[in-house]
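Sequences and hints are given; from them, build the entire structure.
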Amino acid sequence: MANALPHHHDLVACHECDLLQRLPADRARGRVRCRRCGCVLHHQGRDVVSTPLALGFTALVLFVLSNVYPLMDFGLQGQRDSTYLLAGIRELYAQGMPVLASTVLFTTVIAPALHITLLIYLYLPLSLGRRPPAFVAALRLTQAIIPWSMLEIFLLGVLVASVKLAEQATIVAGPAAWSLGLLVIVLAAAATQVHPHRLWDLIA
Amino acid sequence: MSRPTVTASARGLIACHVCGLVSRPPEGALYLRCPRCDAPLHGRIPRSLSRTWAFLVAAAMLYLPANLLPIMHVTQFGQMRSDTIWSGAEYLLAHGMWPLALIVFVASVLIPLVKIAILVLLLVSVQVHVQARPMDRLRLYRFTEFVGRWSMVDVFVVTVLVALVHLGKVAEIEAGLGAVFFAGVVVLTMLAARTFDPRLIWDNLSHDVESTANRR
Chain R
1 MANALPHHHD LVACHECDLL QRLPADRARG RVRCRRCGCV LHHQGRDVVS
51 TPLALGFTAL VLFVLSNVYP LMDFGLQGQR DSTYLLAGIR ELYAQGMPVL
101 ASTVLFTTVI APALHITLLI YLYLPLSLGR RPPAFVAALR LTQAIIPWSM
151 LEIFLLGVLV ASVKLAEQAT IVAGPAAWSL GLLVIVLAAA ATQVHPHRLW
201 DLIA
Chain L
1 MSRPTVTASA RGLIACHVCG LVSRPPEGAL YLRCPRCDAP LHGRIPRSLS
51 RTWAFLVAAA MLYLPANLLP IMHVTQFGQM RSDTIWSGAE YLLAHGMWPL
101 ALIVFVASVL IPLVKIAILV LLLVSVQVHV QARPMDRLRL YRFTEFVGRW
151 SMVDVFVVTV LVALVHLGKV AEIEAGLGAV FFAGVVVLTM LAARTFDPRL
201 IWDNLSHDVE STANRR
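For the protein sequence lines, the chains are R and L, in the order given. Just so you know, we're using my numbering here: the first sequence kicks off at 1 and counts up by one. Just so you know, we're using my numbering here: the second sequence kicks off at 1 and counts up by one.
Think of the hints as simulated: they come from the structure by calculation, not from any bench. Beta carbons are placed, not taken as given, at the ideal position from N, Cα and C, and that holds for glycine. Do not rely on the hints blindly, as some may be mistaken.
To be verified - So these bits of chain L aren't anywhere near chain R, every CB distance computed over 10 Å: (1) Pro65; (2) Leu69; (3) Pro70; (4) Leu113; (5) Ala117; (6) Ile118; (7) Gln131.
What the hints assert, rightly or not - The following label-pair restraints were derived from C-beta to C-beta distances: (8) L:His17 with R:Ala113: 23 to 33 Å; (9) L:His42 with R:Asp47: 31 to 41 Å; (10) L:Ala132 with R:Gln168: 47 to 57 Å; (11) R:Trp178 with L:Phe146: 25 to 35 Å.
Below, the structure written as C-alpha cells:
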C-alpha cells in the first residue's frame, strides 16, 4: 500500500489495556496472554483455515435443518400444532409489532446466517490459497456480527417457554430444536476461531 | 511485572483494530489508515465516552416502560391476563418453578440494571481520572460485555409463546408493547458496552503530557 506508515511486525498492543509487548518467538500451541490484564493476545491453535471452514459448512447444514424442520410440537385440549423458528417472527409481525419482529429476525436468523456465510466466504478461498475480494470488510463484518447472533439465548427462551406451558399443554421438541442446540455449539466454536492477526501473517 | 509497562499510545503507536498491526502515525495527521489492511486507524474508539453516555441515557429512558408495560397478553377461555416482566417471574415462582424464575429475574431485571450501573461507574471513573484498581474495573467491563446479551431471553420467550399458542378461541397470546421497549434496552446497553473503550481505564495510570498528546 502506498505511503506506508512505519510499523512493527514484532509488537502487539493489547486491545483491552493498550500495553505494548513483544510476542515470544517460539510460539508453541496455546495462548499468549497480555502481561498486565490477561486477555488473549494471540492464539496458536490447529489449522487457521481448515478448522473454521469445516465449522462453517457444518453450521450451514445445521442452519438449514433448523429452519426447515419444526421447532416443537404443541398440543392443547385435543388440538395439535407444530411451530417453526420463523413462525414466531411472522406472528409478531402480524400482531403489529414490526420492530420486535425485526429484532428477533436479526438476532436469530440474519446474524447467524451472515456469520455462516462470512465463514465460508472468507475461508473457502483462503483454503485454496486465494485472498477473497473485500477481505478486510468481510473480516470486520465477522467481528461485528458475532455478538448479535443470539441463538443460544433463543434456545434458553424456548426452554423457559416450554416449561411455562408444560402444565397445561403437551410439548415435544422437534428436529429443529436438536439441530439448533448443535448449531449453537458449532457457531460458538467458530467464534473463537477468528484470528485476524494470523490470517494476515498467512496472506502477507 | 518486572518489565517496564509502556502502552502503545505512550509511545505514539497505534494498533489496528482489524489486523492488529502496530504502526506509527505522523504527528498531527487526522485521517489515518492501516499500512497493512487499509482499515481506518484510531488510537482509541472515537468519541467513546460521549457515545457510551448517549446509549446509556437512551437505555435508562426505555428501562421504565420496559418494566411497567405488559410484555404479553394471554387470552384463555375468554379471559385476558397481561404479564409484565415482573409478573412473569412471579408466575413462575408461584408455580414452584424457581430455577426458571431465577433465570428470568436475573436476566431481565437484574442484569440490565447492573449493566447500566457498571457502565456509569466506568464512565465516571475515566472522566474523573481514577487511578485505583484498573484490573477490577476491566473485570467489571468484561462482565457487562459478556452478560448483557442474555437479557434478550424474555423477548425470545414471548416470541416462542406467540408462535405456539394461537388456538383461536381456546387460547391466544399476543406480544405487548413492553417487549419492544425491553428489546430496546438490551440493544442499547449492548451498543453502550461496545462503544466504551476499556483502554481508557488504563490511560489514567500513565497520565502524563506525552500520553495525552498522543491520544487520538
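Results of checking the hints against the structure:
no.: 1; hint: Pro65; result: holds, 13 Å
no.: 2; hint: Leu69; result: holds, 12 Å
no.: 3; hint: Pro70; result: holds, 13 Å
no.: 4; hint: Leu113; result: holds, 18 Å
no.: 5; hint: Ala117; result: holds, 21 Å
no.: 6; hint: Ile118; result: holds, 16 Å
no.: 7; hint: Gln131; result: holds, 14 Å
no.: 8; hint: L:His17 with R:Ala113: 23 to 33 Å; result: holds, 25 Å
no.: 9; hint: L:His42 with R:Asp47: 31 to 41 Å; result: holds, 32 Å
no.: 10; hint: L:Ala132 with R:Gln168: 47 to 57 Å; result: holds, 54 Å
no.: 11; hint: R:Trp178 with L:Phe146: 25 to 35 Å; result: holds, 26 Å
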